[in-house]
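Participant: Read off the chains here:
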Amino acid sequence: MTESGLVLTRHHGAPDQTTLAGYERVGGYGALRRAVQIGPDEVAVQVKASGLRGRGGAAFPTATKWSFLPKETFPRYLCVNADESEPGCFKDRVLMEEYPHQFLEGVLIAAFALRVTHSFIYIRGEYRSQRELLERAVEEVYRAGYAGRDVLGSGWGCELIVHGGAGAYICGEETALLESLEGRRGQPRLKPPFPAVKGLYGQPTVVNNVETLSNLPFIVEQGGAAYAATGTEASPGTRLFCVSGHVEHPGTFEVPMGRTTFRDLVELAGGVWKGRKFKAMQPGGGSMQILGPEHLDTPLDFKAVADAGSSLGAGALVVMDESTCVVNVAMRLVDFYRHESCGKCVPCREGTYFESELMHRLEAGVATRSELADLSDVCANMDGRCFCPLGDTATWFVMSAYRRFPEEFEMHCGAGVCPVRYRQEVMV
Amino acid sequence: MADLPTSSKSAEMLDTATIRRIADMKGKYPEARSAVLPSLWAVQDKLGYLPTWSLEAVASQLGLLPSDVEAVSSFYSMYFNHRPGRHIVQVCLNVSCGLRGADELLEQLRESLELDDEGNTPDGSFTIEGTVECLGACGGAPMLQVDRYSYVDLTPETAVELVQGIRAEDGRRR
Ligand SMILES: Cc1cc2nc3c(=O)[nH]c(=O)nc-3n(C[C@H](O)[C@H](O)[C@H](O)COP(=O)(O)O)c2cc1C
Chain A
1 MTESGLVLTR HHGAPDQTTL AGYERVGGYG ALRRAVQIGP DEVAVQVKAS
51 GLRGRGGAAF PTATKWSFLP KETFPRYLCV NADESEPGCF KDRVLMEEYP
101 HQFLEGVLIA AFALRVTHSF IYIRGEYRSQ RELLERAVEE VYRAGYAGRD
151 VLGSGWGCEL IVHGGAGAYI CGEETALLES LEGRRGQPRL KPPFPAVKGL
201 YGQPTVVNNV ETLSNLPFIV EQGGAAYAAT GTEASPGTRL FCVSGHVEHP
251 GTFEVPMGRT TFRDLVELAG GVWKGRKFKA MQPGGGSMQI LGPEHLDTPL
301 DFKAVADAGS SLGAGALVVM DESTCVVNVA MRLVDFYRHE SCGKCVPCRE
351 GTYFESELMH RLEAGVATRS ELADLSDVCA NMDGRCFCPL GDTATWFVMS
401 AYRRFPEEFE MHCGAGVCPV RYRQEVMV
Chain B
1 MADLPTSSKS AEMLDTATIR RIADMKGKYP EARSAVLPSL WAVQDKLGYL
51 PTWSLEAVAS QLGLLPSDVE AVSSFYSMYF NHRPGRHIVQ VCLNVSCGLR
101 GADELLEQLR ESLELDDEGN TPDGSFTIEG TVECLGACGG APMLQVDRYS
151 YVDLTPETAV ELVQGIRAED GRRR
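Respectively, the protein sequence lines represent chains A and B. Heads up, the first sequence is in this note's numbering, so the first residue is 1 and it goes up one at a time. Heads up, the second sequence is in this note's numbering, so the first residue is 1 and it goes up one at a time.
Derived from the structure by calculation, the hints contain no laboratory data. Keep in mind that the hints are not guaranteed to be accurate.
To be verified - Once the Cα atoms are required to be at most 30 Å apart in a straight line, the calculated DSSO-like pairs of lysine-lysine come out as: (1) B:Lys46 - B:Lys26; (2) A:Lys274 - A:Lys65; (3) A:Lys198 - B:Lys26; (4) A:Lys191 - B:Lys28; (5) A:Lys344 - B:Lys26; (6) A:Lys48 - A:Lys65.
All chains should be modelled from the sequences, with the hints used to inform the complete structure.
Facilitator: See below:
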């Protein structure tokens, strides 16, 4: 373990980390050299020892995912998920903007371990300047001989392609990402078969998140055990958490998993802003359930947060102060899902439409009690019945917020205005 | 078969640099069809939007049907089928920005820029979008993006100043 206990941001403050030369000065691409020396199987052993779990949202163990690739089927592909569009998440942006070469080294280590011939980085369309930054970094990587033919004399070669999306949240879902990369509308595929068996162009494919892969240089350099030791046994490693909303200093904070709590994160971000009281928080990103003050001391541990009724998801934490109208927050999220529903399956396409219409009426204070009941009904008909998790998760925040703040939802019915906002305006 | 001549005619309307870019991209991927999104980007970067004839041109360059390409261009929200303002301004209204005053920011922009119903300024300089897809910069909420760059930690006043500043800069350059 490094003295700082940091993994992803351990080079913070070192100059020129966006250039190959700057990264090489802190030992960059040494891990790729080491990977080539120890061989693909030993890299996989170290990743297994690290206990690394995917940082894209589902927390699937990375080494296990890699092991699903059929042994003798080639070509196979690596697709890096840089579509980051989960509301409240901005860590992949930071990792690509500030440490692009650490990220690319991670991509190449994975590509080497998996013996892929092509690695694709699928980056969301809105991250245009980040895409261009990565494209420049990729050129440097080719010139240095870390990508292309016969990397570092290993006999293994790999093409590295940065692929820009064009505005579709659903393309973060791994099979929709593959469809999009194949030049189609970004609509999810039926699973199984899983991408590891039948992915890009029908070939075995691993899809991994930017943060997941950015951990690999450290893991190969210092060993899987050193990585695991930065967290706890159940939740190994560190994570770059994104704290936003009603805190004094929103931002990203790398902290050890398991040994840090939500309260620690809020404090790192300067505490609840304007001296106000904490009301609620949404961990994980827009898809996840709301938690309350009694969960502030919950550790950032996969199981502990699941037991609390939510998830660490993609590493976001949105803080809401006492002035927040949760109906308004839920309405924004529902609007987002309505806009981003890909239209493939009925429960999601129609469900998000009804959800959004009802939430707008509720927020404006014109919905009736029976419409509020309809909302629960619509959500019950979506959750678990959609083709992919987008539609299911479009109900999670709303319904968890309704369960936690039933009076606040009911108070909106027939009030004629948003009662929370009204109360504040009358009181000041 | 009958529409082949039109396709190749429309291909002639694309400039040679863009055609070369499309050919390069086609060669980069294991399958040519993967070059659809990057090709549409190349065309939109050149023309500002994707007129129907350009979809046919991309299709013929990649050996696809025009409908294959249109199916893609109509799915993704960042491709335009009509000419937008010179600059695209996306105002993030998702949760983290909403909690820190994004609605007021958009309202102020609407008022001071006299936007029409489609969010365009009368002089064609800007198209303002109140986007619902989180723009991934919640640490600097409220924020907006002008073309490829993010501007963070805004207030309604600084947002208006920013946009007016870009307009003034454009005026000087022209
Ligand atoms: C609707 C939806 C959106 C998603 N968006 C993203 C995303 O933006 N980035 C990401 O890495 N994973 C996203 N995922 C998760 C991916 O499907 C996949 O699990 C992940 O990229 C795997 O990488 P990991 O194992 O390294 O976490 C999304 C999933 C769903 C259902």
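Participant: Against each hint, give a clear statement of whether it holds in the structure.
Facilitator: So, going through the hints one by one against the coordinates:
| no. | hint | in the structure |
| --- | --- | --- |
| 1 | B:Lys46 - B:Lys26 | holds, 18 Å |
| 2 | A:Lys274 - A:Lys65 | violated, 45 Å |
| 3 | A:Lys198 - B:Lys26 | holds, 23 Å |
| 4 | A:Lys191 - B:Lys28 | holds, 28 Å |
| 5 | A:Lys344 - B:Lys26 | holds, 28 Å |
| 6 | A:Lys48 - A:Lys65 | holds, 10 Å |
In the structure shown, a violation is registered for the earlier hint numbered 2 alone.
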